[in-house]
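Colleague: Take a look at the letters that make up each chain.
2 protein chains.
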Amino acid sequence: MSEENPPKGENPPAQKQEKKEKKSKKEKEKTSGMDTSLKYDRVGLENVMKRRFFVVPAFEIYNGVAGLYDFGPTGCQLKNHIENYWREHFILEESLLEISATCLTPECVLKTSGHVDKFTDFAVKDLKTGQGYRCDKLIQEWINKEKKKKKITEEKIKELDILYEECERFEEKEINECIEKYKIKSPDTGNDLGKAYKFNLMFETQIGPSGGLKGYLRPETAQGHFLNFKHLLEFNGGRMPFGSASIGLGFRNEIAPRSGLLRVREFSMAEIEYYVDPENKSHKKYNSIKNIKLPLWPSERQLNHESVLLDLTIEEAVEKKIIGNETLAYFICKTYQFLIGIGINEKGIRFRQHTPKEMAHYASDCWDAEIETSYGWIEVAGHADRTCYDLSRHAKATNTELVAARLLKEPKVVKGIKVIVNKGQIFKDMSDKGKAKILCEKLSNLNDEEKETYMNEYEKDGKIEVNINEEKFILEKEKNEIKLERFEQKIIEEKYTPNVIEPSFGIGRIVYCVMEHCFGVREQDKKRTYFNFPPSVAPYKVSILPLIANQEFLQFVEPIRKILVQNGISYKIDETSDSIGRRYARTDEIGIPFGITIDDVTIKDNTVTFREIVTMKQIRVPISDVGLICKNLANRIEKWEDVILRYPAFEAKKEEK
Amino acid sequence: MSEENPPKGENPPAQKQEKKEKKSKKEKEKTSGMDTSLKYDRVGLENVMKRRFFVVPAFEIYNGVAGLYDFGPTGCQLKNHIENYWREHFILEESLLEISATCLTPECVLKTSGHVDKFTDFAVKDLKTGQGYRCDKLIQEWINKEKKKKKITEEKIKELDILYEECERFEEKEINECIEKYKIKSPDTGNDLGKAYKFNLMFETQIGPSGGLKGYLRPETAQGHFLNFKHLLEFNGGRMPFGSASIGLGFRNEIAPRSGLLRVREFSMAEIEYYVDPENKSHKKYNSIKNIKLPLWPSERQLNHESVLLDLTIEEAVEKKIIGNETLAYFICKTYQFLIGIGINEKGIRFRQHTPKEMAHYASDCWDAEIETSYGWIEVAGHADRTCYDLSRHAKATNTELVAARLLKEPKVVKGIKVIVNKGQIFKDMSDKGKAKILCEKLSNLNDEEKETYMNEYEKDGKIEVNINEEKFILEKEKNEIKLERFEQKIIEEKYTPNVIEPSFGIGRIVYCVMEHCFGVREQDKKRTYFNFPPSVAPYKVSILPLIANQEFLQFVEPIRKILVQNGISYKIDETSDSIGRRYARTDEIGIPFGITIDDVTIKDNTVTFREIVTMKQIRVPISDVGLICKNLANRIEKWEDVILRYPAFEAKKEEK
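Order-wise, the sequence lines are chains A and B.
Residue numbering for the first sequence follows the numbering used here, starting at 37 and increasing by one per position.
Residue numbering for the second sequence follows the numbering used here, starting at 37 and increasing by one per position.
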């Protein structure tokens, strides 16, 4: 994210997840006024990530593929638990409708959504090797090298600095001119480069054997929600507002992915589409969050090089129109609570509004949740007001009504005329059945004006005269051929296309940020690293460690394991004969928050020691209690500070060494 | 599955999920000897599935794409809960290592695994429209039509019946001959058909912009496990046996998908790769399952048209070599327990062994879990002994060691000779540095025989004579140029390539089977349908129904909702003014097992009625108890039969009507 930029064009609908960062990272940090004192140890973390199988490059034994990563047992569980936390925090608490739509998507859908035409980056190829490069990155890398040259003049540096900013917005022609002017070559080989071309960032494939159906892997889950809108609204009993949610894969064929987990080609995303009445974007739970203060960085303050607002309540922000509406504000707050809940340091969170230039053309407001990392501030979630863009585009493309209905403040009365044609009688009365048919058809398709004319005749004479191809037909009430009636109808609701508020989360990025924010070293021993994951998201909740690897101690492992399984608690057993300190260090390294040790006292009274990772404090607990303690801690029903009060403390004999 | 057949070829590695059914469905049912009295109402179910948004065709408003389906809120939660049940039942209970690898896979990996060459079906195209058809299905459909003709002779029918069976095994040439001989045309247009061609069932795509890296969407999660074997073994501390597990998407570009959810192009699958020592496939928990009796249909009995064995214990099956080994038998049992736990009727489960002809070439034994449905018996899980096939292929292709180590029963002593070359001294002593280099190199690369020869010289004279290109060099111990030592080394372990036992589950198919098996109608009113899902997998656990939609009753909704959220219980609120019976009917239709009704007594004493779906019995429960009751029921801690005893019964006044 910090090194690469999103697709060009007119800010297509799908660019929500990775918006352009208009200013360079450093400049931003200078102006944002946030506390950037948090320290991140990327090298140490990456070492642990790989060694303890959190995340590894995919297809490593085949030398890997850029932008593809596999989650090992620790990373996979961390990801699962973060997704489950999200599910509880959003879907369950907000009564959202969870759906799961397919990744494979036919071209027609993404043509309508704008992705086929606009979800692109410019690329150039090395003319000899065929290697592709992303144009803006290529030019910027060349500038960085150029500026390091000794003989460069002040004037030249200025020129290049401007180019550095501008090249991100270059179109095809300007890129080609730039490459020619500065004689930029392939950075890997020095070969000549070809002409710039638009490269669509969606993975393309063929569905079925006929070659007729072009398809793509979805770049966002959102389209699957919109296409199911009718079903969703019906399932919700027609009531508005409401939201749908989805956790699933997204795919982007990045030209040159770097930045580890922050820019990948296949990723888990969690998206909410919340459907509101455009005339009323209030939220019924708004009162519960309106007094919260959040670090907000409105677009205007960014443009004026002013700092992040730290002391504004949500209510003030909405009243001052800083945040567009209550529903958007509500979800921004929910995201803040979510990020803190899963272990992000509150000092490392801010909400940055899109500047008018970077705002997508469908959006009326957009706020990114950004987290500070060793890569700088990175976007992990977007909160966009997508208006009615997608629903109305799909409705038009498919000739389907994708609308909701609102009650009118006052019912409307609509007047009309009902024409009752007695076909049987007419056919009986007329000898020319062909003409009878034409006559009946004509009477079934009268417009309002014609109806009014006939009604006047009918009210006056009890009959009407119909002219078809200069032939006259008389139809009479008395003959039971026709009847006309005036009526009044009360209309109590009107239809509208809902607007969509969309909170969208990149799970992979969030997993990475949680790891950076929770990673630390022991004060006593800088080589010993640990994670202070909140127990609810920690990969494994508890370790089981028999102090000595003999049968007297080992016999307790299985009963304890069973209790944990019954309580749905993930565990890791370490029965090796390594010292207990060394084994604690290993469990610390993968962030297991609690440790159960079976020692000589266990044999006497069926109690074990129970250790917490951050404080390294221990208590003595009956085996029968460990299941419930772990469950309560993992499910946020109880805190360690409360648990520790209920049991006797246990003093370890220097075992941490 | 019942209508379509898996890819041809030599039973490629990936065919495990959908093996050929050698005999026609009816014949099988005749011979299997199973109770097929279970009744399935597919029409009724499909109606509810669509109307209550369990599953709908994807891209419906764009007229859909065959073989792609979206899960709505009910279907998605049912799927989630079945996956979570699987996770607890297998991953947590068996201490498996869960991983999450990418769907995008470079060609080289799938070339090694055999999928690029062998994961194919034969297709033909309509020469005018380009529409593709799967050859065997095309021929079989033609036969079905042909046999309905009036003038057909008995002899011809016999010929066609043989062709019907044989065409499934046809190669390219035989297909073309068959189409020509019988003048088979395109079934939709009557146009001529082209030549048969092999169609690979994997979705192909390009990774990155250079066009150099061809990729596919994985057809199974298994390869991601194998490629990470080294990391997995290391994470497990080098201990064997152990297993990895993964729940994720698989993709198959079916030529002509039908049979609804049973044959789709994108599907969720859950796979376990359990790594064992080929010399010891025992399982430490075998004793806990060995007395269980399962419906087993061994290959031999199928070939002899004999029925399913119903009265054999697992232990007998393993002893009689009916099931290949303990680990395979253990997982077959676990699958049986899993299927029953999620709501499959035990009468509708059987385990069918692959016949030698249908067995994949890598497998030494394979058992499918089959479930009876309205489509016949369908495969939902496979249990294959994949031997060392994949690990050794990838090891060879990448020149990587993918091995484990076993302790030798008795340590081996290996004798050897160590040659210590003192390069510094040699270079000092020799004027021709070029020759010194060659000499040192030669001495560093001696084979055992050469070492023995030099050792003999060295032991005798304290020096050795080395001949290089007819030139002699003397190296002496005394000059400190060289030293040779005999040593003995104790070897305690030896390396081996593990074998893999693979239980593999198609989640979408299982979801469909659970729906068919749990679907029923009320005896009193055949129009009222319901699902008797086990509470642990039911989409929503409980409904909240205020008897009357006024504030006196509605005020209780939010406090009850909060209690449920705190306990992680999914709920559905129905505040409409419809009769309570009608609202129960709606919740029954989506299989909500429990219903909370707020009535006039609630206002007086804070109790609600609590109703169970199958018995429709109700009890009166304090509001403060509902969270724990729901949680215990949903998490299988308590059964309804026990809960009902603790609270007073509540007699509804004919409210079910």
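Any given hint could be a false lead.
Distance ranges between label pairs, derived from CB positions [claimed, not checked]:
1) A/131 <-> B/93: 23 to 31 Å
2) B/79 <-> A/320: 53 to 61 Å
3) A/314 <-> B/270: 52 to 60 Å
4) A/507 <-> B/613: 53 to 61 Å
5) A/454 <-> B/79: 47 to 55 Å
6) A/586 <-> B/274: 16 to 24 Å
7) B/484 <-> A/93: 34 to 42 Å
8) A/164 <-> B/93: 41 to 49 Å
9) A/587 <-> B/674: 52 to 60 Å
10) B/164 <-> A/521: 37 to 45 Å
11) B/320 <-> A/673: 33 to 41 Å
Calculated from the structure, these hints are not laboratory results.
Every residue, glycine too, gets a C-beta built ideally from N, C-alpha and C.
Colleague: Any hints from earlier that this structure breaks? Give me their numbers in increasing order, please.
Modeller: 2, 5, 9, 10
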